[in-house]
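Asks: Residue numbers (my numbering), protein chains in the order written: chain A, 1 to 199; chain B, 1 to 199.
In short, the hints are calculated from the structure, not lab data.
Treat each hint with caution, since some may be false.
One copy or two, it doesn't matter: identical chains are merged, so the pair holds either way.
Below, a list of computed lysine to any residue pairs in the SDA-like style, where the Cα atoms sit at most 20 Å apart [what the hints assert, rightly or not]:
| no. | residue 1 | residue 2 |
| --- | --- | --- |
| 1 | 23 | 94 |
| 2 | 2 | 87 |
| 3 | 53 | 41 |
| 4 | 23 | 176 |
| 5 | 53 | 118 |
| 6 | 23 | 128 |
| 7 | 166 | 117 |
| 8 | 166 | 35 |
| 9 | 166 | 58 |
| 10 | 53 | 42 |
| 11 | 2 | 72 |
| 12 | 53 | 174 |
| 13 | 166 | 133 |
| 14 | 23 | 89 |
| 15 | 23 | 86 |
| 16 | 2 | 102 |
| 17 | 53 | 149 |
| 18 | 53 | 151 |
| 19 | 53 | 38 |
| 20 | 53 | 129 |
| 21 | 23 | 35 |
| 22 | 53 | 68 |
| 23 | 23 | 185 |
| 24 | 2 | 73 |
Here the structure is a predicted model, which is why all the values come from computation and not from measurement.
Protein chains: 2
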Amino acid sequence: MKFSPALQELIEALRCLPGVGPKSAQRMTLHLLERDREGATALAAALQTAVDKVDHCSRCRNFTELEVCEICSDARRDAGTICVVETPADVLAVEQSGSYRGVYFVLMGHLSPIDGIGPEEIGLDRFQQRVVDEGIEEVILATNPTVEGEATAYYLSDVLQREGVKVSRIAHGVPLGGELEYVDGSTLAHAFSGRRPVE
Amino acid sequence: MKFSPALQELIEALRCLPGVGPKSAQRMTLHLLERDREGATALAAALQTAVDKVDHCSRCRNFTELEVCEICSDARRDAGTICVVETPADVLAVEQSGSYRGVYFVLMGHLSPIDGIGPEEIGLDRFQQRVVDEGIEEVILATNPTVEGEATAYYLSDVLQREGVKVSRIAHGVPLGGELEYVDGSTLAHAFSGRRPVE
Ligand SMILES: [Zn+2]
Ligand SMILES: [Zn+2]
Chain A
1 MKFSPALQEL IEALRCLPGV GPKSAQRMTL HLLERDREGA TALAAALQTA
51 VDKVDHCSRC RNFTELEVCE ICSDARRDAG TICVVETPAD VLAVEQSGSY
101 RGVYFVLMGH LSPIDGIGPE EIGLDRFQQR VVDEGIEEVI LATNPTVEGE
151 ATAYYLSDVL QREGVKVSRI AHGVPLGGEL EYVDGSTLAH AFSGRRPVE
Chain B
1 MKFSPALQEL IEALRCLPGV GPKSAQRMTL HLLERDREGA TALAAALQTA
51 VDKVDHCSRC RNFTELEVCE ICSDARRDAG TICVVETPAD VLAVEQSGSY
101 RGVYFVLMGH LSPIDGIGPE EIGLDRFQQR VVDEGIEEVI LATNPTVEGE
151 ATAYYLSDVL QREGVKVSRI AHGVPLGGEL EYVDGSTLAH AFSGRRPVE
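Just chain A, same shape as in the assembly:
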């Protein structure tokens, strides 16, 4: 015995959402049908619209409905500085910090040889070409401080420095306002190895 076919299919379909198991898919389905059919219809439309319209920016690979995204086509931004991040969420985080006026390159992932993700899969070959062709002044590596993120940063700094491009890595360490006793060990290790002389 199961739910009726249309309900069962919706329960299955909801499983495509990350973090949604069978029980929560069932709870979501019953909730939508009983209390929020308008929400369900709006969600169906939003899903289809996003799938149909959203693609990668031809310059930075970030998600956009345009051929070139708003940031890449903003003449007030410094097109000579490119910040390399792993995901669109990282772009958002940097933008919200208000500390950066250059443009971006979004890897949509990181190097992961075991999963068959090499430089081409994250667009690094075309990126390298672009940096050289456009005479970019500085590339800021803002991949995550994880094993894969560090490896990706290392690979990029290697190939770009050989082309004579200035490359920098954002600083990692104890977050401002963070209490030392609550900071995890690898962050602390980063903070110590990245220590600078007090002037």
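Chain A is fixed; fit chain B with the ligands onto it per the hints.
Replies: Just chain B with the ligands, lined up with the frame of chain A:
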């Protein structure tokens, strides 16, 4: 700065799902667009199909694509016994136990005067009429052992017994295989007050 409009709308739309906050809606959106566009399209279709086709069974109120659901129209089931539950998930749980061959009535909720949910809102007026008209032999109350579930069971047993209908309540107590020390206090209280002499 936000994501592009179509992404932002999808993030908002996902918030209609219970338990999905802004951060997980964002994670779901980026995951679907980057890794599972087919899943997103299938989910959009499943949502619309469910909204269009699924309605309440005219007899038991359970969700179904039919006028009368499969259980209600199954001639092998005992139509003289009705089990009253709060939700479609409860029907599934009872069916999966394999311990019941009668039919159901699904309240799609419980009495909750503070929220303006009285007997009519959960279909009890029509249910009472149906029980009397069809000369139902027994009504088994399987609402949840919560304050609202108990109040709903109490209300139903009161009106049905006045009509001379046999009414019973499922037993509550320590689950089979449950260890006493891990059972919560109110379940234990139920188990003690519902104790029966050993024969
Ligand atoms: Zn762009
Ligand atoms: Zn039915």
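Asks: Now look at each hint and say whether the structure bears it out.
Replies: Structure-based check of all given hints:
no.: 1; hint: 23 <-> 94; verdict: between (36 Å within a copy, 16 Å between copies)
no.: 2; hint: 2 <-> 87; verdict: between (39 Å within a copy, 14 Å between copies)
no.: 3; hint: 53 <-> 41; verdict: both (18 Å within a copy, 13 Å between copies)
no.: 4; hint: 23 <-> 176; verdict: neither (39 Å within a copy, 22 Å between copies)
no.: 5; hint: 53 <-> 118; verdict: neither (27 Å within a copy, 46 Å between copies)
no.: 6; hint: 23 <-> 128; verdict: neither (46 Å within a copy, 32 Å between copies)
no.: 7; hint: 166 <-> 117; verdict: neither (25 Å within a copy, 67 Å between copies)
no.: 8; hint: 166 <-> 35; verdict: neither (56 Å within a copy, 33 Å between copies)
no.: 9; hint: 166 <-> 58; verdict: neither (23 Å within a copy, 72 Å between copies)
no.: 10; hint: 53 <-> 42; verdict: both (16 Å within a copy, 16 Å between copies)
no.: 11; hint: 2 <-> 72; verdict: between (50 Å within a copy, 15 Å between copies)
no.: 12; hint: 53 <-> 174; verdict: neither (40 Å within a copy, 54 Å between copies)
no.: 13; hint: 166 <-> 133; verdict: within (14 Å within a copy, 86 Å between copies)
no.: 14; hint: 23 <-> 89; verdict: between (28 Å within a copy, 10 Å between copies)
no.: 15; hint: 23 <-> 86; verdict: between (32 Å within a copy, 17 Å between copies)
no.: 16; hint: 2 <-> 102; verdict: between (54 Å within a copy, 17 Å between copies)
no.: 17; hint: 53 <-> 149; verdict: neither (29 Å within a copy, 47 Å between copies)
no.: 18; hint: 53 <-> 151; verdict: neither (33 Å within a copy, 51 Å between copies)
no.: 19; hint: 53 <-> 38; verdict: between (22 Å within a copy, 14 Å between copies)
no.: 20; hint: 53 <-> 129; verdict: neither (28 Å within a copy, 53 Å between copies)
no.: 21; hint: 23 <-> 35; verdict: within (18 Å within a copy, 23 Å between copies)
no.: 22; hint: 53 <-> 68; verdict: within (13 Å within a copy, 41 Å between copies)
no.: 23; hint: 23 <-> 185; verdict: neither (36 Å within a copy, 26 Å between copies)
no.: 24; hint: 2 <-> 73; verdict: between (52 Å within a copy, 16 Å between copies)
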